[in-house]
Every structure is written in structure tokens, then in C-alpha cells.
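Peer 1: The sequence shown runs 1 to 199 under the UniProt record's numbering.
Derived by calculation from the structure, the hints in this document are not laboratory data. Fair warning: this is a prediction, and the values are worked out from it, not measured in the lab. One or more of the hints may lead you astray.
Unchecked claim - For lysine to aspartate or glutamate, the following DMTMM-like pairs were computed, each having C-alpha atoms within a straight-line distance of at most 25 Å: (1) Lys38 x Asp114; (2) Lys55 x Asp35; (3) Lys79 x Glu177; (4) Lys79 x Asp131; (5) Lys79 x Glu153; (6) Lys79 x Glu68; (7) Lys38 x Glu68; (8) Lys38 x Glu21; (9) Lys55 x Asp122; (10) Lys79 x Asp179; (11) Lys55 x Asp17; (12) Lys55 x Glu68; (13) Lys55 x Asp117; (14) Lys55 x Asp120; (15) Lys55 x Asp108; (16) Lys55 x Asp114; (17) Lys55 x Asp10; (18) Lys38 x Asp17; (19) Lys79 x Glu194; (20) Lys38 x Asp10; (21) Lys55 x Glu21; (22) Lys79 x Glu139.
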Amino acid sequence: MARSTYHHGDLRAALIDAGLEMVAANGIAALSVADAAKRAGVSAAAPYRHFPNRKAFLAAVTTAAAQEFGAEVQAAVDKVAGDDPLDLMEATAQAYVRFVIRRRIGWDVIFGNDVRDLPDADLAVTRSLSDAFLAPALEVTAGDVRAALRLVEHEIAACHGYASLYLAGMFDPKYPEVDRAATQAGLITRALAEAARFR
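Take the sequences, apply the hints, and build the full model.
Peer 2: This is the structure in C-alpha cells:
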């Protein structure tokens, strides 16, 4: 039954969803076209109409993750009143933590070693996502690219750390943990940005 549904429906989207589930559960190394086909309930040959190889599948899964992540970051940024880069960085940090906790996919998947050799066309969406983090950092550092990249690196490390602690069950269950982890990451990011502003 599932096979005919996917053949007449959106098999490509079903395979990408299966890929996102695999990455969330076991990391990007676990991504497999054959396993995605199995999860989608189609033959092992069916995915190759959409993805000629693992690299093409990886590009599609990474792009889908980056689009979803980017939409969440943009929604958080849109809620910020004004254009203070510290507020924007705090918002991107909170969005990062919430996304990683909800989807179990973070910067390491979207920008990790596995995707670095993908064609430029496949990386356009990920570049757009990185710009959402880099733009306010550049404002904070008065255009110093090196300092801005270092600031974003610190932000991502803090965010990924808080998300990882949450996923490991390290927060007190009496508190709304997701909000607490996101808020803490936002406050740390703001402090890092304030420190970078005065260097």
C-alpha cells in the first residue's frame, strides 16, 4: 500500500523526511538512500529517480534542514523590535536552541565536513542561514570579519552546548526546560556580543 501512495504522491519529499529522521536519530553518517527507501516503503531502486547517488540525497536533506532552520531563525528575528544587533544575536541563539531540541539537527549537520564538498548551488540555502547569524555579528564587530566569525563560532558553541545539555536531561524538570535552555543561550550570546563590541 505505501509503495503506490508514494509513487503517486511526493516520493522525493517522503525520502527527504525519512533522511531527516535518520540524521536526527543517528547523525549524518547514518544517512542512506536505501534506508530512506525502506522507511518510505518503496523499493531500493525508487529513490534513484530523484537522487542519483548519496551525495545528491545528502544535498537535498541538508538543504531541507537548512530551509526549516532558516525559517525558524527568520521568524525569531522578525519578532525583534528594532535592529539592535545584540537583540538579533540573542534571537538567533534562542532559535538555534529551540530548533536543535525540536529537530535534533544542528550546525554540525548543515555545515559539517560531510557537506563541505557539495556543489555551490546546493549550498546556497546554507549560506543564507549562515548570513542570518553573521550579519548582526558583523555589526557588533564594526565590520571586522575575523572577529565576527569568531563571535558566531562562540555563539554556536554556546547554543549547541545548551541544546546538548537539554537533550541529555541536565536541566531541572521543574522548569520549562526548552525555554530555559534557549533563554540561557541567548543571554550568553548577548554577553559574548557585548564583550566583542568593546575589543
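Peer 1: Now look at each hint and say whether the structure bears it out.
Peer 2: The hints, checked one at a time:
no.	hint	in the structure
1	Lys38 x Asp114	holds, 23 Å
2	Lys55 x Asp35	holds, 15 Å
3	Lys79 x Glu177	holds, 21 Å
4	Lys79 x Asp131	holds, 18 Å
5	Lys79 x Glu153	holds, 24 Å
6	Lys79 x Glu68	holds, 17 Å
7	Lys38 x Glu68	holds, 24 Å
8	Lys38 x Glu21	holds, 13 Å
9	Lys55 x Asp122	holds, 10 Å
10	Lys79 x Asp179	holds, 16 Å
11	Lys55 x Asp17	holds, 16 Å
12	Lys55 x Glu68	holds, 20 Å
13	Lys55 x Asp117	holds, 9 Å
14	Lys55 x Asp120	holds, 13 Å
15	Lys55 x Asp108	holds, 17 Å
16	Lys55 x Asp114	holds, 9 Å
17	Lys55 x Asp10	holds, 20 Å
18	Lys38 x Asp17	holds, 12 Å
19	Lys79 x Glu194	holds, 21 Å
20	Lys38 x Asp10	holds, 15 Å
21	Lys55 x Glu21	holds, 17 Å
22	Lys79 x Glu139	holds, 19 Å
Taken one by one, the earlier hints all hold for this structure without exception.
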